[in-house]
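Asks: Once you've looked at the hints, dock chain B against the given chain A.
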Amino acid sequence: MANIKTINKKSKAQSMGMHTEVLTGRTQQKFFNPDEAENFYYFGTYDVDFNKRTDLDVMNMSAPEANKEIDNLMSQGYGTIVIKNPQGKHSLGVGILNKLNLIFEGSLGYFGMGSCDGPIVRINGRVGWSCAENLMAGKVVIEKNAGSCFGAAIRGGDLICKGSVGARTGIDMKGGTIIIGGDAGAFTGFMMQRGRIIILGDVGINLGDSMYDGTIFVGGEIGSYGSDAVDSELTLSDQDWLRRKLKVAEIGEDFDVSKMKKIVAGKKLWNYDNLEPTEKKGAI
Amino acid sequence: MCGIAGLIHRGKSSNVGSELQGMLQALKHRGEDSTGYALYGDTEGKNFIMRFKVGENVGEGSSSVMEDVSVYDERKKIVDQTLAEMGAKIVKEERTLPYSLRYEIDFETKDLLDFSQRIESIPGVEILSMGKSLEVIKDLGNAKMVCERYSLDKLVGTHAIGHARMATESGVDIKSAHPFWGYPFSDVSVVHNGQLTNYWNNRRVLENKGMRFMSECDSELIAVYIAQKMREGASLEEGMKDSLSGLDGVFTYFVATKNSLGMAKDTMAAKPLVLYESDDLVAMGSEEIAIRSVLPHEIDTYDPFDGEVKVWQI
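Residue numbers (the numbering used here), protein chains in the order written: chain A, 2 to 285; chain B, 14 to 327.
Here chain A stands alone, though its shape is the one from the complex (with noise of 0.2 angstroms):
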């Protein structure tokens, strides 16, 4: 990041005095200091306790009246919440900031999941577009199919489709593992940044189209790559990985993973060709 005090000239807006403050880039993030734990507050968090369960019924509920819902049986201490009746509506579920325990008793619609953090989910149902946008930490299990979009843009945690899912999984993830049970679209890892996706049916076109980094591990067969996608070598460490996830995620774990393709960034697209040897290191 530029450093604004090492440039001299200044700027019109600077010079008519708009700017009052000195950016120092980095420096101004204020860090979690872990004795100062007892005064973090973490906005829309809740003590739960698992061992307090409830169900809801949100057959006639809209879904903003669902989730506030939820977020309502958190206030109370619930941990543990079983969802009767999503009839496949969409937005069910999101916003999640809280260790909880959340059972779908039925099929989502599209952006289920979304922009969670910690919760512990399992759909017993299919999910709709986009499953799980955005989610940061926890686990999210789909017992059937899923939609395409499945797990855009997440961070972290593991998100689970024992069935198969459609087009552009994982695309622009930044880090967590999503992993399929059956076969997965097109497009799969679109642009992803980091994280891992694997995958034991068979893959569509244009795999890992674009992707600037993290890796992808296909079980069956390989529709065609994408752009700047190509193959890895299978490590005796990426098979203890994968043995590993597929058993704590509870799928494939008779897998005979080392038959497995892995494909990884050739990092050979223009924006790597354009960037000097220190901002490469720094991009990827």
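These aren't lab readings, by the way, just hints derived from the structure by calculation. A portion of the hints provided could be inaccurate.
[Unchecked claim] Using 25 angstroms as the maximum straight-line C-alpha spacing, the simulated SDA-like pairs for lysine to any residue come out as follows:
#1 A:K140 / B:K254
#2 B:K59 / B:N215
#3 A:K175 / A:M261
#4 A:K163 / A:K69
#5 B:K323 / A:G202
#6 B:K90 / B:E107
#7 A:K163 / B:P317
#8 B:K41 / A:S63
#9 A:K145 / A:M62
#10 A:K145 / B:M281
#11 B:K157 / A:M62
#12 A:K163 / A:D255
#13 A:K85 / A:A64
#14 B:K41 / A:M62
#15 A:K145 / B:Y289
#16 B:K157 / A:K53
#17 A:K145 / B:T280
#18 A:K145 / B:L308
#19 A:K163 / B:K157
#20 B:K123 / B:E133
#21 B:K254 / B:N215
#22 B:K167 / B:T109
#23 A:K145 / B:E321
#24 A:K269 / B:M281
#25 A:K69 / A:I104
#26 A:K53 / A:D118
#27 A:K85 / B:K167
#28 A:K163 / B:P309
[To be verified] Part of the chain A face toward chain B, derived, beta carbon under 8 angstroms:
#29 P35
#30 G89
#31 G107
#32 S108
#33 Y111
#34 N146
#35 S165
#36 G167
#37 G186
Even for Gly, the Cβ is constructed at its ideal location relative to N, Cα and C.
Replies: Below, chain B alone, put in the same frame as chain A:
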């Protein structure tokens, strides 16, 4: 954005008018500028059913010009006269709205091209559908409004497709609303969600081959494209597979014929579709909530993959 829905009962008939209304109403947030139904009813199969319009709905939100009802009456008279000249006998006549009519016609022909060209040469007249089972009903407003306006909830049949439209590429009017009849084929209809980017190139080619376009809506191209492929001898499925490379853009579309229902998804898989398939029913829609309106219990659904074409028979 637009939403599409379709269902086919295999081996039995059902109240498809009411079922499709529920599915489309569940998708109304995807667009309610206009809503259209292509219903395949239980008919004797003897007479042709012609749904046509002699004017536009000029209600709130319409981009059409107001006309006097006497203009509609005059156009209707010319239609009646033209039918008589062609030897087509009107068996039953219904005028649901001043601009919208339904005729049952006793007429022997295998070539609807000449028939359609003569009817549509009358200014302001457009055939919405022609077939022995198919009826296309489309108008401004959401699914519930159109269903009530045309009393569609009691219509019994085997299959149906429909469309909830958010107008983006052309005007808010009936001529740009879906479904589109697969002119000049009897009982062929199409609904589409997406954008076609090589519309004008394809349109020029198809017009040179004698096909007609009634609107500037890009989705109409699919109906005409498939119809032309079928004219050249392709089956419905072959025509649909050919469209994956012939049509450029992003799309998910449904095509229905008297006995079948098909879906196609572009190679980018950029438009949504959720599908439920069982031995006696196939239901599909842009979102799962559409399917839930006819199957509220827990079911297994999935997203078809990129470049996928499927066709089901009744």
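Asks: With reference to the structure, classify each hint as holding or not holding.
Replies: Outcome of the hint check:
1. A:K140 / B:K254: violated (39 angstroms)
2. B:K59 / B:N215: Violated. B:K59 to B:N215 sits at ~35 angstroms, over the 25 angstroms cutoff.
3. A:K175 / A:M261: With a Cα-Cα distance of about 23 angstroms, the restraint between A:K175 and A:M261 holds, given a limit of 25 angstroms.
4. A:K163 / A:K69: violated (29 angstroms)
5. B:K323 / A:G202: Distance ~21 angstroms between B:K323 and A:G202 Cα, so the pair holds.
6. B:K90 / B:E107: It holds: about 14 angstroms lies between the C-alpha atoms, which stays within 25 angstroms.
7. A:K163 / B:P317: holds (17 angstroms)
8. B:K41 / A:S63: holds (15 angstroms)
9. A:K145 / A:M62: holds (24 angstroms)
10. A:K145 / B:M281: holds (23 angstroms)
11. B:K157 / A:M62: Measuring from Cα to Cα gives roughly 21 angstroms; hence the hint holds.
12. A:K163 / A:D255: holds (14 angstroms)
13. A:K85 / A:A64: Holds, at roughly 13 angstroms.
14. B:K41 / A:M62: Between B:K41 and A:M62 the Cα gap is close to 18 angstroms, so the pair holds against 25 angstroms.
15. A:K145 / B:Y289: Given that 25 angstroms is the threshold and the Cα spacing comes to 13 angstroms, the pair holds.
16. B:K157 / A:K53: Violated, at about 43 angstroms.
17. A:K145 / B:T280: Satisfied, since the Cα-Cα distance of roughly 24 angstroms is no more than 25 angstroms.
18. A:K145 / B:L308: holds (17 angstroms)
19. A:K163 / B:K157: violated (37 angstroms)
20. B:K123 / B:E133: holds (18 angstroms)
21. B:K254 / B:N215: holds (16 angstroms)
22. B:K167 / B:T109: holds (15 angstroms)
23. A:K145 / B:E321: With a Cα-Cα distance of about 20 angstroms, the restraint between A:K145 and B:E321 holds, given a limit of 25 angstroms.
24. A:K269 / B:M281: holds (24 angstroms)
25. A:K69 / A:I104: With a Cα-Cα distance of about 16 angstroms, the restraint between A:K69 and A:I104 holds, given a limit of 25 angstroms.
26. A:K53 / A:D118: With a Cα-Cα distance of about 20 angstroms, the restraint between A:K53 and A:D118 holds, given a limit of 25 angstroms.
27. A:K85 / B:K167: With Cα atoms ~32 angstroms apart, A:K85 and B:K167 exceed 25 angstroms; violated.
28. A:K163 / B:P309: At roughly 23 angstroms apart (the allowed maximum being 25 angstroms), B:P309 and A:K163 satisfy the hint.
29. P35: violated (45 angstroms)
30. G89: This interface hint holds because 4 angstroms falls under the 8 angstroms limit.
31. G107: holds (6 angstroms)
32. S108: Holds, about 6 angstroms.
33. Y111: holds (7 angstroms)
34. N146: holds (4 angstroms)
35. S165: Hint on A:S165: holds, closest Cβ of chain B at ~6 angstroms, below 8 angstroms.
36. G167: Interface hint status for A:G167: holds (4 angstroms vs cutoff 8 angstroms).
37. G186: Holds - the Cβ of A:G186 comes within 8 angstroms of chain B, reaching about 5 angstroms at its closest.
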